[in-house]
Amino acid sequence: MTSSLYPVLVPLAPLIAALLTAVPRRYLSYRNYQIGFWILLAGLATSVVMLWQAIHSQEPTRFVLFAAPWKILPVVELSIDRLAAVMMVVISGFGALLYRYSTRYLQQDGGQRRYQTLLALSISTLLFMVSSSDLLMLFISWQLLSWFLCLLSHNYAHVPTAQSSFRTFIMLRAGDCAFLAGIALAYHLYGTVQFAHLFERAAADQTRLALFGTGLGVTGATAVTLLIFIGAMSKSAQFPLHMWLPDSLFAPTPIHALLHAGIINAGGFLLNRLAPLYALSPTTLHVVLLIGLSTAILGTCMMLVQNDIKKTLGYSTIGQMGYMIMECGLGAFSLAVFHLIAHGLFKADVFLNCGKGIHEARLHPKQPMDASMEPAPGMLGWAAAFVLSFLVPLVITAGAHYALGISLLTNQGLLILLLFSWVTASQAMLTLFRLNRALLTKGGMLVVVALVATAYFFAAEQFTHFLIPDRSVVAAYFQAAALPDGQFLTLAALLVLSIVVGWFFSVYRQRNGQRAPWPVWLKVNAYLFFLNRLYLDGIALRLLGTLKRAGRVADQSQVLFTIIAVLSLSMALGQTSWLSGVPSKAFVKLLLSGLLIPLFPLHAVYVAALTRLPRALATALGVLLPMMGMCAMIWLLPDIPKGLFSVISVLAVFGALWGSVKALVQVRVSQLLAYGGLALYSILWWHFAQAGKLSVPAILCGWTVTLAWAGLSLAWDRICVRYGELDLNRIGGLFQPMPRFALCVTLLVMAAAGLPPFGLFFGYLGILLSGPTGISIGLAAMVATWFAASWYLFRLMQQLLFGPYRSDLHYEDLRPLEIAAFVIVIVLLVIPSGISQGWLSAGISKVTWASEATRWIQ
Amino acid sequence: MDSVKAKELRELVRRASVVIARNWPMTTFVYNNPMRDLETLPFQSAVRVARRFVGGRGYLPNEMYRQLVKSGRIKFQHLEAAIRSFAQDKEVELAGRTVSHFDVVLAHLLEGITAPSEETISALVKRTPTSAAIHALARRLKSRIEPRDDVREIGRDLTLSAWCDQTFYTQLGWQIDRELIKWCEAFLDEGHAAWPMPDREKGFYAAWKSLAVYEWSPCGIANSGRKIKALPAAAEEALLTHLDALGIPPEFTQDYLSLQLTALYGWASFINWRSEQRNYKWQVAHPIDLVEYLAVRMFYERELVDQTCRAELGIEGKLKAIVSCVRDKKDATCSAGDNACLAAAWRLKRLADALQVSQKNLEAADVDQLQRLLDWLDDFPESEHGPVWLDAYEAGYQEDLVHKLRTAISQPDFGSIQVNRPLAQVMFCIDVRSEPFRRNLEAVGNYETLGFAGFFGIPMRCRAVDQHHETDQCPAIVEPRYTVHEVVREGQKERQSIHDARKNFVHMLHEMLHDLKSHVLTPYIMVEALGWFFGLQMVERTLFPGTYRRWREKLQNAVVAPLATRMTSDRNSAGLGLTAEEQNTSVETVLRMAGLTRNFGRLVVVCGHTSISDNNPYEAALNCGACGGNSGEPNARLFATIANKPQVREHVAKNGIVIPEDTHFIAAVHNTTTDAVTLFDLEDVPDSHRQDIEQLKADLQVAAVRNNRERCIRLPGVGTDPSPARVAQEVRRRAGDWSETRPEWGLSGNASFIIGRRELTRDLNLEGRAFLNSHDYRLDPTGALLEGILTGPMVVGQWINAQYYFSATDPEIYGSGSKIYHNVVGRLGIMSGPQSDLRTGLPWQSVSNGDRTYHEPLRLFVAIEAPRQRILEILDRQPILKQLCDNEWIRLLAIDHESDKKLYLYRANEGWIDVEESSPIGSRLVVPARSAMNSVLCSEC
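These protein sequence lines are chains U and L, in that order. Taking the numbering used here, the leading residue of the first sequence gets 413, the next gets one more, and so forth. Taking the numbering used here, the leading residue of the second sequence gets 3, the next gets one more, and so forth.
Simulated from the structure, these hints should not be mistaken for lab results. The C-beta atom is built at its ideal place from N, Cα and C for all residues, glycine as well. Hints may contain errors.
What the simulated footprint calls covered on chain L by chain U, stretch by stretch (three residues with Cβ under 8 Å from a Cβ of chain U suffice, anywhere in the stretch; the number is not a length) [said to hold, decoys possible]:
1. 176–188
2. 208–218
3. 280–289
4. 515–527
5. 735–742
With the hints as extra help, turn the sequences into a complete structure.
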């Protein structure tokens, strides 16, 4: 293990570039962007040095960011092995080019400053992600990317863009939640999140988990890898979480280059990073294979029916990502990295060049029903064609493997990939045949194809050796991914069959023009299926419509609330032996605390305080009540009988879900905040019930929720002072006339939705990691609550800031004093995450600061 | 269905379609007036109609005009003159202080005294320091303020789906748009999709019907398959059924259909254009028209409105039901609240501040007088400020140009006959970009330049060598009459066979790549194997765009060496080329129209123009509009070839135009992005002229450098005084940089069209804002040539001007928004993002320079050097021209050099008016009597 300083320069360079353009407008000129570009180039140069070093050393280079006495993570460091070094060069390279391109492309655009800053921040985050040495830091970057990606949609004033950015965020957030659950599970199982230790312990661990107490069981590794894979699916746009990608095409063109060449590859990178873990679970690898293969085929089919360049490229990316994931599922992990780089280069170039379409159309206009069919050859011609375009490619591909000494027969994965190579070469030959040119040209082409194929196999093989020098490891991965013989043969047979059918289909078309050899209804339905994006939009529309109606009913019906309240209470009391020996004093304490810090169904006081009282008082109570509640929890509650804890636990689960549902359907900000508060404080209650006391992460969590909520109330108060109390759908587009306000709200929402680097994320994480082992309904409910918070808070931000602004209002941005207030809140929100001493470990250790304090006071 | 009803419906749809434009495919970006069908109305009314239906702004935002006042571009005297023309001679007495109507209007223009929305006014007033005073004022006004009812009428100004969206916060409009975008994209696709939409040959409506029947629940419509199946087979009948189902009464129908058309303005405009093209191959193969489009669109409207109304209100989705439901609700809440009074008081306070009326005066003023002030403000709302601003804005430019022209004609030697023989005559296109280049070339040496529409009088279809298709090399208003091919010159047999073989090889590579990309199983390996090469290209193109372009060209030429070519000029058996007679008349007409009949130089350069830019979907917009958005090269080459023929020269000599033996015509092309001029067919130049050619080349080079500098300074990011090296580098970069959204300014800035001899403009710097069309009124006693210019190039100029005008006033609706979101769709047009309306007009980058507009949206100012009586006669003969002038789509100026050396301005109903009679000139240029100011829409629309 070597340690040196310069690795940190690579991710730091874009960060500096971002700071350089985030300066106030009067210090900003074109020069800032130029300097930023040079800084990015410097970062690129450093990363090339890193690669050089990685080539010459087997050990990863490390850089310790800081050492912390946390149990969960003793040291936060960057660790650059070959995989990370390759990814760093790729990302810094792309980053520098795109930064340069955007500098000109967005010249004079009103949002260029914001755009370039976010671009540089995303690049920096990506670099941190690939160089992190543990799951936690990786996950922090992972989440930030979700956030930046939806902000990079850029054209906030445009309603469809705003909607697509919402959809992007929600889909990515769903993946984030699963990922987080995976991390929590991994930590519970293996007691570490550092890769090196994780892989070691996981290999030794044999735990089997029972799902929700049912008989179904999976191994620990399978559960962890599957959960994390859901995260990878959302980032890498795998079916059915691919929906966000085509919608995100509203963003400026260079963003697509970054997205399709950088961010979307995160899934492939993650699987590679965790390859030793995935190799432990053949089940997961088979799921990965299935998802990847279906995404590849569905994505590419959707690509074929698109009529514009950006959607074509978007769906093509989905297909390619499917293939990349499929490669992982076959055990060819390093090949997936090879693929993602090659594809990134290809797609970025094509995207950046997509204005060329009209030039092409001017140069080579097409005819309706291209009638320029060449005369079909006779029987002998067909035979020749069969040999040339069917058998020759097989000989080329197999021969190249033989020449390069790649053993095909020992592993299934390579055989599947060989089939893909074969069909590609075959199609290339078919083109020769279709165009019916002179023999010499065809001969020349044949040589070209053979050369390209050999060069490609050679390069791919070399790359694999470079990434994973140990051949036995490569073989082990393939072995782990191996399918049972029957399944493998079916898959291979299907692929071969599709090649044969494809070949005959092409020939058929050659002879019969456009007429396809299948019935009309099949043709039309298949076309519509892919044109309508697998009808997933329709399903989503119906589902959301139903949910919205249900939510509205739930919101307005008092009866429903009563039923649920009664249900929750009876369920809660059913958990414990009926009130035996519980002193009434304990009930009073619980009642008091539940009134202060909302506990279902006692939340009415909190909600009323926030919604009915005058704004200033409501804001103050929004801070005071939970604060007092937390004090009550610390000092009053620990000595209540243990039996009550299970009551609290059930009520908290109900409260979390009820609050989330209510918050989702509100159109008034104060009510949204009140019910959102109920949901998030319920997490606190739940944790309290589980741990039997208020641990430090929980205090942190409660404190940051309170602060963030205070900040949001303050923001809403500032709006009311300016424009009166409007419904959420009566005001919008504030980012344009009120940029400073917009920035504050964005940061507050980021904090409240539990994103790093704000304290709430760490508090929540602490709660999750210190919770009970195993998958429980309560845990699932808490993850769902967290997810729902992202939903309504992002929507709040979107409705306030995005969309067209009303030209019939007189806008006035924040004044210095108001800004100061916001800055204080935001700084207070960040600080806890910077406190390195003890809080993360505290959740685990027996002695906590809280109980210390209690004893001291007593 | 009987044919009479169908015919009526078609006529109705045609009338409804006057509010949309004609949208040509991007491959031949044709400039046109987005309000061309509204030119029958006065400019102001047309803009208002378009605003109502399309929603676009016809003038700059008032705030921008105010900034122009601050920057001095709009002079106060012009603004004053514009206001005087309609200001009433009335005053108000505010406790001793008098305020005139003029003052109020001026203050309103300069300050924009409009109250914010009533629901926010009390919060706003609370925050102002004078809150108490405003409240007091509001109390005094209490009894005076009447409730304002500016609700838009459902069915006439608002579609039912839009009403639903407004009322229930649904998104029906966007849902319908998405469906229509999907179908339009799929149906109109010109070869993009690898898997095209089936059944397109049936026509749009039938194809949609046969497909949509199988669709599962489009935008959540229940049982859609059954409903679509039950629709009538004819689109007309279906449309009538839909209208019936929505309960649209006949008197609303036209407006309702207009609103349906403008919902997707760009797509509808494209269909509007395409349905008129009988010979367009895609229209022949896949017919579509607006009736079919509406029949499809209204199906979704009808079903969704019905579904929503039933779910939300429990009524059926019919206009009548909705209107009565709305009326019931409105009756409950109808009185002018406190907020309305507060808003009025707030406005009065702002007006008082602007006019420096003291608080005391305001408090003491009579309520009647205050009421009157409010009425004045209400009668001249901010939405009506545009016309006034535009008049003042135009006056500034016109005054400047008039001043320049007057200086030119008052030169003592103006109009005297030139005797010395120029080195060469260079004939340029009338394009505004030729003006600075001509000026710079004339400054370099003894050159005479002329301006003529860049297709040089030869409307033709042309096929370039190595191409399989023909391009229309003529303006959009002209039908091509000839077909000409570029062919390989004789004696290159061996070279050609190598050329062809290599070309085939490259073509095959392209095809192979394409086949591999559009396949279900092959793109993956293809990308893995070839992706790396793209990376190399990306690095080079981004970091070294200039070098990349040079290398690429070199490589291309090395692989497939170019061949020497010529144009087929003589009519051959295949029908290509022109007959001898056609050649004779073409050359004679052009020379006569351009006024080039004597004093020929040793060289006559026929110079078309083109432009080079990379990754630019708008490249056709930068090319020669007179050549259908293509390069002017083929026309120039053909003209030069013909003009060099002995029999043509003989013919024109017979008719009095003697071209000397030693005059050689040579073709050239001016690249407007780099100012490089390429000469063509040098093989045909006689040895005696080699020296002249060298001289010409050198002079063109010098002129290019000068012009580069002039243009470069206007482009952003270079500064006001760049070094020559910097200029050269910048210009070269812009032409080849794939990340450049503004390779050149194009025709941005165009504002005037000057028809006359070069003497008129030779010494003037017109800043590249004028179309210059050469014309010598002395050679045209009947006015026939001038008539040709006015109905041809001038109309094209007006289209260009109007396209730029509206793209600048509303870059989002009449223009195509920012280029950074653009997405090429179906090889025919542009969308913003994955799903949007088809964009029309010019991108934001072509008209704006940061926050300011670079293109000043001014109507075309046409200056004609000719006797004014002759011009009037032409106007009488050409109703289209008269309509343009009378409805103020253009302004006409006559330079009557013949009779009294004065400048005259044309005004509807008044005829010619001497510009010099009054001072300042600008005030005379403003048209008075704005009767339409407060009138509501004209009844025709």
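Outcome of the hint check:
no. : hint    : verdict
1   : 176–188 : holds (count 4)
2   : 208–218 : holds (count 5)
3   : 280–289 : holds (count 5)
4   : 515–527 : holds (count 11)
5   : 735–742 : holds (count 4)
Of the numbered hints stated above, none is contradicted by the structure.
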